[in-house]
Amino acid sequence: MSTLKANAFQDTNGNVLNLSRVWGCLNTLSSNSILNDQGLSSFTDNTTGDYTLNFSFTTSTSSYAFSGSGRQVTNHPIQTVAVSINASPSTTTLRITHGRTGGAGSVGQQSDADNISVCIHY
Amino acid sequence: MTKQSKYRVIFDDPDHLDEPTKVLVPSQNWLDMAMAGGLPPIWVYWQLQDDEQKAIKEGRHSTFKHDPEKHALQWTAPRIGPLTEEEAMEYLVMKDLPRRCWAEEHNRPMFKIVRTEQVPSDRTFRNAWEMAA
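For the protein sequence lines, the chains are A and B, in the order given. Per this note's numbering, residue 36 is the first one in the first sequence, and the count goes up by one each step. Per this note's numbering, residue 13 is the first one in the second sequence, and the count goes up by one each step.
Note that these hints are calculated values from the structure, not bench results. Please read these numbers as outputs of a predicted model, since none were measured by experiment. Ideal Cβ placement from N, Cα and C applies to all residues, glycine included. Careful, some of the hints might be misleading.
[Claimed, not checked] Calculated cross-link-like contacts (lysine-lysine; reagent style DSBU-like; alpha-carbon spacing at most 30 Å):
{"#": "1", "chain 1": "B", "residue 1": "K82", "chain 2": "B", "residue 2": "K66"}
{"#": "2", "chain 1": "B", "residue 1": "K82", "chain 2": "A", "residue 2": "K40"}
{"#": "3", "chain 1": "B", "residue 1": "K15", "chain 2": "B", "residue 2": "K82"}
{"#": "4", "chain 1": "B", "residue 1": "K15", "chain 2": "A", "residue 2": "K40"}
{"#": "5", "chain 1": "B", "residue 1": "K124", "chain 2": "A", "residue 2": "K40"}
{"#": "6", "chain 1": "B", "residue 1": "K124", "chain 2": "B", "residue 2": "K18"}
[As the list claims (entries may be wrong)] If we take Cβ atoms under 7 Å as the criterion, some of the chain B residues that face chain A in the derived model are:
{"#": "7", "residue": "L29"}
{"#": "8", "residue": "T33"}
{"#": "9", "residue": "S39"}
{"#": "10", "residue": "W42"}
{"#": "11", "residue": "K82"}
{"#": "12", "residue": "T88"}
{"#": "13", "residue": "P90"}
{"#": "14", "residue": "D108"}
{"#": "15", "residue": "T136"}
{"#": "16", "residue": "N139"}
{"#": "17", "residue": "M143"}
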């Protein structure tokens, strides 16, 4: 079997094809661990629901797309991940927050979770 | 779940000492790469960090793009060779912790590399964690 190594891909018209080169699944609830990842060297647990992703390589610009999600739990039907207002995205790190919104008798709050998925596209 | 590192780094940010102690969790995939000898010299990352910090100070971060030659060094610079897990953790401190935590003198240590089991698993009072003396 051959291994294909490349840092950039193009279609037949010369358009750059961007791959998602950084993703990770984090457990911040009990074990504080990275369940699996690609392109992360570490993450920093800043406080409850507040984390910094540290990329294993530096991106060329900080203008990348980000997506993330968390797993639904009882009484908190929506778990969401957002880019933190505490720090601008950089080419080496991205600070994010995880929070719960809605739910019976509950107001929104920053929270930890056992499965936070994040993905960076650039 | 992938295998987990034996180590974590706990640290305080000297610029934000009112914030709770932070915990840096290494990626096992990255550690495996470091221990297999896949890392460039640390100055490759520092050079890129310095260029970005300069762009932030000069107010041009929104349009900033790394110099292609310096950026490519991440993959083209000669590798530094295999590291032990402990050496890889020290490399990670110099790469991922704010430089003010480890490169400047303070009246107490701003970071410690600790065993994973030394970090509390009970997060009830997470926002009150402080680094023990």
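Quick rundown of the hints versus the structure:
1. K82(B) / K66(B): Roughly 15 Å separates the two Cα atoms, so the pair holds.
2. K82(B) / K40(A): holds, 20 Å
3. K15(B) / K82(B): Violated, because 33 Å separates the two Cα atoms, which is more than 30 Å.
4. K15(B) / K40(A): holds, 25 Å
5. K124(B) / K40(A): Since the Cα atoms of K124(B) and K40(A) sit roughly 37 Å apart, the hinted pair is violated (cutoff 30 Å).
6. K124(B) / K18(B): holds, 14 Å
7. L29: At 14 Å from the nearest chain A Cβ, L29(B) fails the 7 Å test, so the hint is violated.
8. T33: violated, 9 Å
9. S39: Result: holds, 5 Å to nearest chain A Cβ.
10. W42: holds, 4 Å
11. K82: violated, 9 Å
12. T88: Given a least distance of 10 Å, the restraint on T88(B) is violated.
13. P90: violated, 16 Å
14. D108: holds, 4 Å
15. T136: violated, 10 Å
16. N139: holds, 5 Å
17. M143: violated, 13 Å
Checked against the numbered hints given earlier, this structure breaks hints 3, 5, 7, 8, 11, 12, 13, 15 and 17; the rest are met.
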